[in-house]
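Asks: Given next are the chains, with one letter for each unit.
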Amino acid sequence: MPAGTLYRGREGMWSWVAHRVTGVLIFFFLFVHVLDTALVRVSPEAYDDVVATYKTPIVALLEYGLVAAILFHALNGLRVIAVDFWSKGPRYQKQMLWTVVGIWVVLMVGALYPVLGHAVREVFGS
Amino acid sequence: MATPTMDKVEADAAAASHLITVTFRIRRFNPEVSADATWEDFQLEIDPKERVLDGLHKIKWDLDGSLTFRRSCAHGICGSDAMRINGKNRLACKTLIKDINPAKPITVEPIKGLTVLKDLVVDMDPFFQAYRDVMPFLVTTGNEPTRERLQSAEDRERFDDTTKCILCAACTSSCPVFWNDGQYFGPAAIVNAHRFIFDSRDEAGEQRLEILNDKDGVWRCRTTFNCTDACPRGIEVTKAIQEVKRALITRRF
Chain A
1 MPAGTLYRGR EGMWSWVAHR VTGVLIFFFL FVHVLDTALV RVSPEAYDDV
51 VATYKTPIVA LLEYGLVAAI LFHALNGLRV IAVDFWSKGP RYQKQMLWTV
101 VGIWVVLMVG ALYPVLGHAV REVFGS
Chain B
1 MATPTMDKVE ADAAAASHLI TVTFRIRRFN PEVSADATWE DFQLEIDPKE
51 RVLDGLHKIK WDLDGSLTFR RSCAHGICGS DAMRINGKNR LACKTLIKDI
101 NPAKPITVEP IKGLTVLKDL VVDMDPFFQA YRDVMPFLVT TGNEPTRERL
151 QSAEDRERFD DTTKCILCAA CTSSCPVFWN DGQYFGPAAI VNAHRFIFDS
201 RDEAGEQRLE ILNDKDGVWR CRTTFNCTDA CPRGIEVTKA IQEVKRALIT
251 RRF
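If you read the sequences in order, they're chains A and B. Every letter in the first sequence is one number past the one before it in this note's numbering, and letter 22, counting from 1, is 22. Every letter in the second sequence is one number past the one before it in this note's numbering, and letter 195, counting from 1, is 195.
FYI, nobody ran anything at the bench for these hints, they're computed from the structure. Each residue gets a CB set at the ideal place from its N, CA and C atoms; glycine is no exception. Be aware that one or more of the hints could be misleading.
Capping the alpha-carbon separation at 25 Å, the derived lysine-lysine pairs in BS3-like fashion look like this [stated by the list, open to error]: (1) A:Lys88 - B:Lys164; (2) B:Lys88 - B:Lys60; (3) B:Lys104 - B:Lys94; (4) B:Lys94 - B:Lys60; (5) B:Lys104 - B:Lys60; (6) B:Lys49 - B:Lys118; (7) B:Lys88 - A:Lys94; (8) B:Lys98 - B:Lys60; (9) B:Lys104 - A:Lys94.
Chain A residues, not near chain B, derived (Cβ > 10 Å throughout) [as the list claims (entries may be wrong)]: (10) Pro57; (11) Thr99; (12) Val100; (13) Val109.
Pulled a few chain B residues facing chain A out of the computed Cβ check, cut under 7 Å [claimed, not checked]: (14) Asp64; (15) Asn226; (16) Pro232.
In isolation and in its complexed conformation, chain A is listed as follows (with noise of 0.2 Å):
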């Protein structure tokens, strides 16, 4: 064991890294996403086969993983907001963090069958 031991942050320091990591990967996605948008200007034909791609099973799980991410970056930023302008906020940050894991669970579940839904019927059968 030659390295330093990390540091046991809380709660208030996982969040920041989760907001930091989820941040990060939002910001690959939409470089992607202009890249693909863009290439409709390029050839209809070849935006038509990127496209294409998108709906394999494989793809549709990322982009369960993006409604994941883009979820907890968008409720968890509320709460920094509030921790930012509420006087009581950086007071009750961990009840707010709680609440934000709790609607973003919630909001996953919902986003099963939206989101996956197609991608089961193809890899099971309908």
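Starting from the known structure of chain A, fit chain B onto it as the hints suggest.
Replies: Quick look at chain B alone, frame taken from chain A:
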């Protein structure tokens, strides 16, 4: 005359029965020996109601005199012995062995983000420079009053929390932003600026806000709350930083 001897043996047994064996896993660094820091384990018999600092004393006094760490008052007031115990910043003199799971090795490391000089001693100069930069003293204009400067209880209450700071650096060295960029003022400096910005008797609030309205000032805070969790004085550090941020936006303080 055998009885007194028996008594002594029994007393020793009774005295030892409350002791437990604890492993201290300490991050050692000596630039004169090696450029790399290493872990070293020490086993000692200690009362679980004693503090981590007592364990370090036992090691230094009885096992290895070369172990280097700072401590002064040993009662949570001077702020000398902030260190990273089991991964979290705490004061060694306020952390009881029984409260940090003595069944496992207790890791003790120097605080992060400041240059380690030897073992658990870090270079505190950048930390105190940031503190000095926020002008942590009363600034007034006009003639000095012939009596004390009065203040209402409510005005005093406004900054009560941030008067508790002992400058131990547990907050600043728990901050991920500070680890990555030592130019950031850090929570402790902002806490001490807060203490004067919100003091009704002080007249340099605007000046201090301008100092902190910097790219390395309060805006670097990402509200990770590590500082609030680490503060051995229970100061709501993040709350104070947020109040300074809001004072900068509204210019009301």
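Asks: All hints are to be evaluated individually against the structure, with a verdict given for each.
Replies: Hints versus structure:
1. For the proposed pair A:Lys88 and B:Lys164, the alpha carbon gap of about 20 Å is at most 25 Å, so the pair holds.
2. A threshold of 25 Å between alpha carbons decides the hint, and for B:Lys88 with B:Lys60 the separation of about 22 Å falls inside it, so the pair holds.
3. Distance hint between B:Lys104 and B:Lys94 is fulfilled; the C-alpha atoms sit about 19 Å from each other, no more than 25 Å.
4. A C-alpha spacing of about 19 Å is found between B:Lys94 and B:Lys60, which places the hinted pair at or below 25 Å, so the restraint holds.
5. The suggested pairing of B:Lys104 with B:Lys60 holds, with an alpha-carbon distance near 21 Å, which does not exceed 25 Å.
6. Pair hint B:Lys49 plus B:Lys118 does not hold up; C-alpha atoms about 28 Å apart against a cutoff of 25 Å.
7. Using a Cα cut-off of 25 Å, the hinted pair B:Lys88 and A:Lys94 holds, with the two alpha carbons roughly 18 Å apart.
8. Taking the CA atoms of B:Lys98 and B:Lys60, the gap is near 21 Å; set against the 25 Å cutoff, the hint holds.
9. A hinted pair counts as satisfied when its Cα atoms are at most 25 Å apart, and B:Lys104 with A:Lys94 does not qualify at roughly 28 Å.
10. With a minimum CB-CB distance of about 37 Å to chain B, A:Pro57 clears the 10 Å threshold, and the non-interface call stands.
11. At roughly 16 Å from the closest C-beta of chain B, the C-beta of A:Thr99 stays outside 10 Å, upholding its exclusion from the interface.
12. Under the 10 Å C-beta cut-off, the non-interface status given to A:Val100 relative to chain B holds; the minimum distance is some 14 Å.
13. Chain B leaves A:Val109 outside its interface by the beta-carbon criterion, the shortest separation being 28 Å against a cut-off of 10 Å.
14. With 7 Å as the threshold, the beta carbon of B:Asp64 stays out of range of chain A, its nearest partner Cβ sitting at about 19 Å, so the hint is violated.
15. Satisfaction of the interface hint for B:Asn226 is found here, the shortest Cβ-Cβ separation to chain A being roughly 5 Å, below the 7 Å cut-off.
16. Look at B:Pro232: its Cβ only gets to about 16 Å from chain A, farther than 7 Å, so that hint breaks.
Comparing the model with each numbered hint stated earlier shows that hints 6, 9, 14 and 16 do not hold.
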